[in-house]
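Asker: Listed here are the chains, written in short residue letters.
2 protein chains.
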Amino acid sequence: MGGIETMFDAARRQDEAGLVEKKVLTMPSFTTLGGQIIRDVRIGYETYGKLNARGDNAILIAHYFSGTSHAAGRYAHADTEPGYWDAIIGPGKAIDTERYFVVSADTLANLNTSDPNVVTIGPASLNPETGKPYGMSFPIVTIRDFVNVQKALVDALGIRKLHAVAGPSMGSMQAIEWATAFPDMVERVVAVIPAGLEADPYLVGTLNVWTAPILLDPDWNNGDYYGRHGPYKGLAMALKTIVLNGRHPGWANAAFGRKPATGAGDLLREFSSRYAIEEVLDQAATSKVCWMDANSLLYTAKACQHYSLGHQGKVLDAVRRIQASILLIPAASDLLMLPHYASKAAASLRACGKSVEYFELEGDGGHFDGLLAIGQADGILRKFLSH
Amino acid sequence: MGGIETMFDAARRQDEAGLVEKKVLTMPSFTTLGGQIIRDVRIGYETYGKLNARGDNAILIAHYFSGTSHAAGRYAHADTEPGYWDAIIGPGKAIDTERYFVVSADTLANLNTSDPNVVTIGPASLNPETGKPYGMSFPIVTIRDFVNVQKALVDALGIRKLHAVAGPSMGSMQAIEWATAFPDMVERVVAVIPAGLEADPYLVGTLNVWTAPILLDPDWNNGDYYGRHGPYKGLAMALKTIVLNGRHPGWANAAFGRKPATGAGDLLREFSSRYAIEEVLDQAATSKVCWMDANSLLYTAKACQHYSLGHQGKVLDAVRRIQASILLIPAASDLLMLPHYASKAAASLRACGKSVEYFELEGDGGHFDGLLAIGQADGILRKFLSH
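In the order they appear, the protein sequences are chains A and B.
Per my numbering, residue 90 is the first one in the first sequence, and the count goes up by one each step.
Per my numbering, residue 90 is the first one in the second sequence, and the count goes up by one each step.
Everything labelled a hint here was simulated from the structure, so no lab data went into it.
Don't take every hint at face value.
One copy or two, it doesn't matter: identical chains are merged, so the pair holds either way.
As the list claims (entries may be wrong) - For lysine-lysine, the following BS3-like pairs were computed, each having C-alpha atoms within a straight-line distance of at most 27 Å:
#1 Lys182 to Lys139
#2 Lys348 to Lys403
#3 Lys472 to Lys182
#4 Lys403 to Lys139
#5 Lys322 to Lys377
#6 Lys433 to Lys403
#7 Lys139 to Lys112
#8 Lys182 to Lys403
#9 Lys348 to Lys433
#10 Lys403 to Lys443
#11 Lys112 to Lys472
#12 Lys250 to Lys377
#13 Lys111 to Lys139
#14 Lys250 to Lys240
Isolated chain A (complex conformation) (with noise of 0.2 Å):
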């Protein structure tokens, strides 16, 4: 009977964390770190678990670049996919559900614009003033304005005190910026395949490639597309480029090799013919075009080139004003993250006299790893998040 019964919590268990709700957060007004103001904001919003009556127990989970308030769970119990790091977020699991208030919001100029589960507002949404879309008359966006819009949503939410604050790539970004932006209001920092401190130069280069070709679409327009044909071309190749940063040659060889496309013709004399990574390149950002919006990509990767702790003062400052533990977990095959960012900023931390500890994913995915592999983090983030 014993054994029944806990199979039935289980399962009920899972159906109370498995269906999430999307809400939504609304602000008659938001200022920008660049001193514009944003009318009428509306950002989704996802919660798991419930929040304990000292409001201590909340932690916050930040996205990827191009990734959601998505974090685990499902919409229905027939989607296909929970939230992206559903293996470590869940009754039970590392991020426990049953212990933490969780919650996961969708940034700024969030690029999924067209799906119907983010709440944003960005280049493509109407502009109050005009009636018409912001495109690149948005303000500009940072990591910062990210945390500060999060801040509204946990003060709204009743938390006092976010025992973490995770989340992976852009996600860490946004992690770390909390620790210095609001000190006393964070306990812990989980920063996975991170950027370290600031965006490297290297970085804001890989970024600008991400883009340039949006800019060289003339379907682009300037930013002003909407409502007609969009420059999906340049986005698909933006995208394209994304899905070959985040991955390593470990995955390539693992899943086609040099297997020629489907349908590819003699290789060595007909021009179109290809392999089928490249086909398969073409078909990971193809699928993405209709979901995503190419000036939102834009003001995302702006957000990410304008990353540094030290954009109100000197990096090093900031790190002084850090109360958090901060564990990095870096991947070991990330060739967009690269594991040198992680322990160039441990070692920066740890100069500081910040606690630090320090955890690199095994595997062959590349930057992807921080998503698809976060389960091997499972023992050593139980461990953080419990002392």
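Got chain A; can you put chain B on it based on the hints?
Answerer: Same frame as chain A, but now just chain B:
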């Protein structure tokens, strides 16, 4: 007096070796690996040093993706820069032109069609049958085709044995291909920043990303742009990506850090304001656009994608034919031809009983360390070439 004589000799030797003359190989007809015929082939080459009577002191140098046959020396005393491997090729240098007869040839479909010192045939050349540029009707050429042209040159020059074939990056592909194509002619292979024994599928994907902006540029016009405005924006973007992929954060940090670009306005308020690294990448790319042909870049990328010792059988069958000793010289910080490619190649070669030496260039300059930091290999090169 001895000292003065020595200085005099050194100056005279430098004069002789430093002034390089471009020569041209002509072939009435060349059949590609794909079985297509190219007529009236003209290929530029340079030689340094003198062939001995036995014809066995020759070293062939094969160039990299965007390179030319100008491996060493100067065309005129006023030249600001010598050839790319001048640090290791010349009188008394590791590849000693007082001992060796060094030969270097332009590849088929060489990118630098507007460089007056490059002689090549490719999509920008006139098709004698139509009197118009080939454009995309030029036959697909491969690394093996580059090698076959070099074989014709080597035969024409009376070379009977190659003491070594050496090359960086795409040049490494040619060097290794030589050892399997003409095993009894090649005594040593020096593969610098090497791709390994075939283009990794991840590299195939990277090359796809390099070429994609050209295909996206409306001025490309399916390759038919000669005599009108060419796909300069797409070409510049391709070159920008190549420069970035060829580098590493170490370079970006040392040179620019997170400095804003010249004349940048408020980074938080003006979307067009950018960082120095972005400006530098664009300048590096744009400065080369006037020398290079977009279609030729597509063809050279295709040649690299098709690089595999296994194209006429399996890779290991080809490896077993190799008689040469092989020296692999990856660069530690290479993000394009990962050191992993070199160590994988070393393992395969050793498993087939081949003689392999392995030397890693230190530094944080990325792939380009195979050109710019090649001086580090001076000692290992001298030793490898002398036993």
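Asker: State for each hint whether it applies.
Answerer: A quick look at each hint next to the structure:
For a Cα distance limit of 27 Å, the shortest separation of lysine 182 from lysine 139 inside one copy, 15 Å, qualifies, whereas the shortest one across copies, 72 Å, does not. For a Cα distance limit of 27 Å, the shortest separation of lysine 348 from lysine 403 across copies, 13 Å, qualifies, whereas the shortest one inside one copy, 50 Å, does not. Proximity of lysine 472 to lysine 182 under the C-alpha cut-off of 27 Å is restricted to the intra-copy arrangement: shortest distance 12 Å within a copy versus 58 Å between copies. With identical chains, the CA atoms of lysine 403 and lysine 139 are never at most 27 Å apart, being 38 Å at best within one copy and 59 Å at best between copies.
Taking the shortest alpha-carbon separations for lysine 322 and lysine 377, both the intra-copy value of 12 Å and the inter-copy value of 25 Å come in at or below 27 Å. For the identical chains of this complex, lysine 433 and lysine 403 are intra-copy neighbours only, at 16 Å inside a copy versus 43 Å across copies, given an alpha-carbon limit of 27 Å. Within a single copy, lysine 139 and lysine 112 get their C-alpha atoms as close as 15 Å, which meets the 27 Å cut-off; across copies the closest is 79 Å, which misses it. Neither within a single protomer nor between protomers do lysine 182 and lysine 403 lie at most 27 Å apart by alpha-carbon distance, with minima of 38 Å and 47 Å respectively.
In this assembly of identical chains, the alpha carbons of lysine 348 and lysine 433 lie at most 27 Å apart only when taken from different copies (19 Å versus 39 Å within one copy). For the identical chains of this complex, lysine 403 and lysine 443 are intra-copy neighbours only, at 17 Å inside a copy versus 54 Å across copies, given an alpha-carbon limit of 27 Å. In this assembly of identical chains, the alpha carbons of lysine 112 and lysine 472 never lie at most 27 Å apart, being 31 Å within a copy and 69 Å across copies at closest. With identical chains, the CA atoms of lysine 250 and lysine 377 are never at most 27 Å apart, being 36 Å at best within one copy and 55 Å at best between copies.
In the homo-oligomer, the alpha carbons of lysine 111 and lysine 139 lie at most 27 Å apart inside one protomer (15 Å), although the nearest pairing across protomers, at 77 Å, exceeds that limit. When the C-alpha separation of lysine 250 and lysine 240 is checked against a cutoff of 27 Å, the pair qualifies only within one copy, where the shortest distance is 11 Å, while the shortest distance between copies is 72 Å.
Checked against the numbered hints listed earlier, the structure breaks hints 4, 8, 11, 12; every other hint is satisfied.
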